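Number of protein chains: 2
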Amino acid sequence: MNMPQWQGGDEPAYSFGSELLRWLAPPHDGPEETVAVPEPDGSSPPVSRGIKWCAALLSQARAAREAIERHAPDRIVTLGGDCLVDLAPMAYLSRRYGEKLGVLWLDAHPDVMSAAEFSHAHAHVLALLLGRGDEAFTAEVPRKLDARRVMIAGMQGWNADEDLILKELGIRHIPPAVLADSSRPILDWIETEGITHLAVHFDLDVLDPAHFSPLLFNRPGMPEGAFDGIEQGRMQLDQVVRLLKEIGAAVDMVGLAIAEHLPWDMLRLRNSLAELPIMKS
Amino acid sequence: MNMPQWQGGDEPAYSFGSELLRWLAPPHDGPEETVAVPEPDGSSPPVSRGIKWCAALLSQARAAREAIERHAPDRIVTLGGDCLVDLAPMAYLSRRYGEKLGVLWLDAHPDVMSAAEFSHAHAHVLALLLGRGDEAFTAEVPRKLDARRVMIAGMQGWNADEDLILKELGIRHIPPAVLADSSRPILDWIETEGITHLAVHFDLDVLDPAHFSPLLFNRPGMPEGAFDGIEQGRMQLDQVVRLLKEIGAAVDMVGLAIAEHLPWDMLRLRNSLAELPIMKS
Numbered sequence: 001m002n003m004p005q006w007q008g009g010d011e012p013a014y015s016f017g018s019e020l021l022r023w024l025a026p027p028h029d030g031p032e033e034t035v036a037v038p039e040p041d042g043s044s045p046p047v048s049r050g051i052k053w054c055a056a057l058l059s060q061a062r063a064a065r066e067a068i069e070r071h072a073p074d075r076i077v078t079l080g081g082d083c084l085v086d087l088a089p090m091a092y093l094s095r096r097y098g099e100k101l102g103v104l105w106l107d108a109h110p111d112v113m114s115a116a117e118f119s120h121a122h123a124h125v126l127a128l129l130l131g132r133g134d135e136a137f138t139a140e141v142p143r144k145l146d147a148r149r150v151m152i153a154g155m156q157g158w159n160a161d162e163d164l165i166l167k168e169l170g171i172r173h174i175p176p177a178v179l180a181d182s183s184r185p186i187l188d189w190i191e192t193e194g195i196t197h198l199a200v201h202f203d204l205d206v207l208d209p210a211h212f213s214p215l216l217f218n219r220p221g222m223p224e225g226a227f228d229g230i231e232q233g234r235m236q237l238d239q240v241v242r243l244l245k246e247i248g249a250a251v252d253m254v255g256l257a258i259a260e261h262l263p264w265d266m267l268r269l270r271n272s273l274a275e276l277p278i279m280k281s
Numbered sequence: 001m002n003m004p005q006w007q008g009g010d011e012p013a014y015s016f017g018s019e020l021l022r023w024l025a026p027p028h029d030g031p032e033e034t035v036a037v038p039e040p041d042g043s044s045p046p047v048s049r050g051i052k053w054c055a056a057l058l059s060q061a062r063a064a065r066e067a068i069e070r071h072a073p074d075r076i077v078t079l080g081g082d083c084l085v086d087l088a089p090m091a092y093l094s095r096r097y098g099e100k101l102g103v104l105w106l107d108a109h110p111d112v113m114s115a116a117e118f119s120h121a122h123a124h125v126l127a128l129l130l131g132r133g134d135e136a137f138t139a140e141v142p143r144k145l146d147a148r149r150v151m152i153a154g155m156q157g158w159n160a161d162e163d164l165i166l167k168e169l170g171i172r173h174i175p176p177a178v179l180a181d182s183s184r185p186i187l188d189w190i191e192t193e194g195i196t197h198l199a200v201h202f203d204l205d206v207l208d209p210a211h212f213s214p215l216l217f218n219r220p221g222m223p224e225g226a227f228d229g230i231e232q233g234r235m236q237l238d239q240v241v242r243l244l245k246e247i248g249a250a251v252d253m254v255g256l257a258i259a260e261h262l263p264w265d266m267l268r269l270r271n272s273l274a275e276l277p278i279m280k281s
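First to last, the sequence lines map onto chains A and B. Using the UniProt record's numbering, the letters of the first sequence map in sequence onto residues 1 to 281. Using the UniProt record's numbering, the letters of the second sequence map in sequence onto residues 1 to 281.
It is possible that some hints are incorrect.
Identical copies look the same in the list; a pair holds intra-copy or inter-copy alike.
Unchecked claim - Cross-link-like lysine-lysine pairs, in silico, DSSO-like; alpha carbons within 30 angstroms at most:
hint: 1; residue 1: LYS100; residue 2: LYS167
hint: 2; residue 1: LYS280; residue 2: LYS100
hint: 3; residue 1: LYS144; residue 2: LYS245
Please keep in mind that the hints were generated in silico from the structure rather than gathered at the bench. Values in this document were obtained by computation on a predicted structure and should not be read as measured data.
For reference, chain A alone in the conformation it holds in the complex (with noise of 0.2 angstroms):
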């Protein structure tokens, strides 16, 4: 499913970054659906609930349920678009695989505020998979999340905020550095936990941003400290491929969700070549 979402994020580069990834996709012979997303045209957010978008986001999410329902998968593949395009396919997922489905949550963020903390809805997804946030989305989520087979990997720092709700929710989580070399920690979750059938969130940006260039933190023109204070990821590309690669040999991966891909200079030389005299003619 692909989903060009940007409004959770309200960056309208999210867009090009959904249709990005889906051309460096593998082709595959399962059903595809693209769930329509309006183009941003240069206005404003509008609030509803503290959440900007939030009626669009919610007939998208609904838009990406009938889609799924549609076809009613074993697995879901998702191209986002920001974090919370994963609503409607770890919903869907979590009824049809019950206490059998586990939730790898490959993130440098927990995606668990609500409006009273963030007023971007993609920062949270989690929450609402697990019934905490507001009431409008989470009624999209029929089956809630069972918090022990939730697990957030890659993630080395949270705010105060975020403290205290992964404390609540009782989320449990690994640290970059555990996972650089082993996927040991993941695996023992899954097998103590009689996990069988796995979805994974992969934000990109869980990627340090110094190795890997389409991510919201290398965006161009930036003030010098526009990102203080925010975590930025440490994990590799080739090791969250190893880290993926072993756990699919030990579990059924039924769900993937690649979403926050923001490749800025593929952006600038797209809109650079469209200005060109000769591109006109």
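Dock chain B against chain A, hints included.
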């Protein structure tokens, strides 16, 4: 014309760079040709007359000429691939427009060496167009360019071999600092030489690798100092766009080749996605 040629720089990633450039380029309504280029198979490069992959490069240059001649176009956009992709398009435009044609060579390097100095033919192409270098390649240029109507732009430094050849051929050049805020020197050259039709060679490595990532110099995993002594670009993408737009208002832009696109992060991401368990099912 798409030309995923990689042998001129002996770097398989040029092929991927060309495919992605095509995806990024705006839609057009002219005919489109893709020159067939064998996939790299990891074998070591055969060398003839001091040129790596010489036979393949010559065969591809001829295939490009034939592809162009099938349509006899007024204008050609070429998406490379290494810099040598511009041999056939420039040779065709030189024959078609004769003394009305100017050639603007946007590049951090002069591309004027020959097999005596360097075995990678992507560094030979401008000299070949002026009639200097391997005879099988210069034979592909029935009407040589006139050095007065060639201008290298954005070049800050060059080596001793290149210095001698630039003087021998009489090619002029303008450093990047002069063009950062003004297109005037190029516009003056166009006017003085009576140029009415312009072909542009845009080697992306004219751009500063600190501000634009998909360049050779940002190849991941290179040892410290691997590119010492090799001139790197200093221009900004928006400066090049401004330059080409201002020039395009003064002259008929009949050729544009974009070369040396090496989007490393996109290549790594594509290869990583293809390795993930759920993507294979």
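Now for the hints, and whether the structure bears them out:
no.: 1; hint: LYS100 - LYS167; verdict: within (23 angstroms within a copy, 74 angstroms between copies)
no.: 2; hint: LYS280 - LYS100; verdict: between (54 angstroms within a copy, 22 angstroms between copies)
no.: 3; hint: LYS144 - LYS245; verdict: within (27 angstroms within a copy, 55 angstroms between copies)
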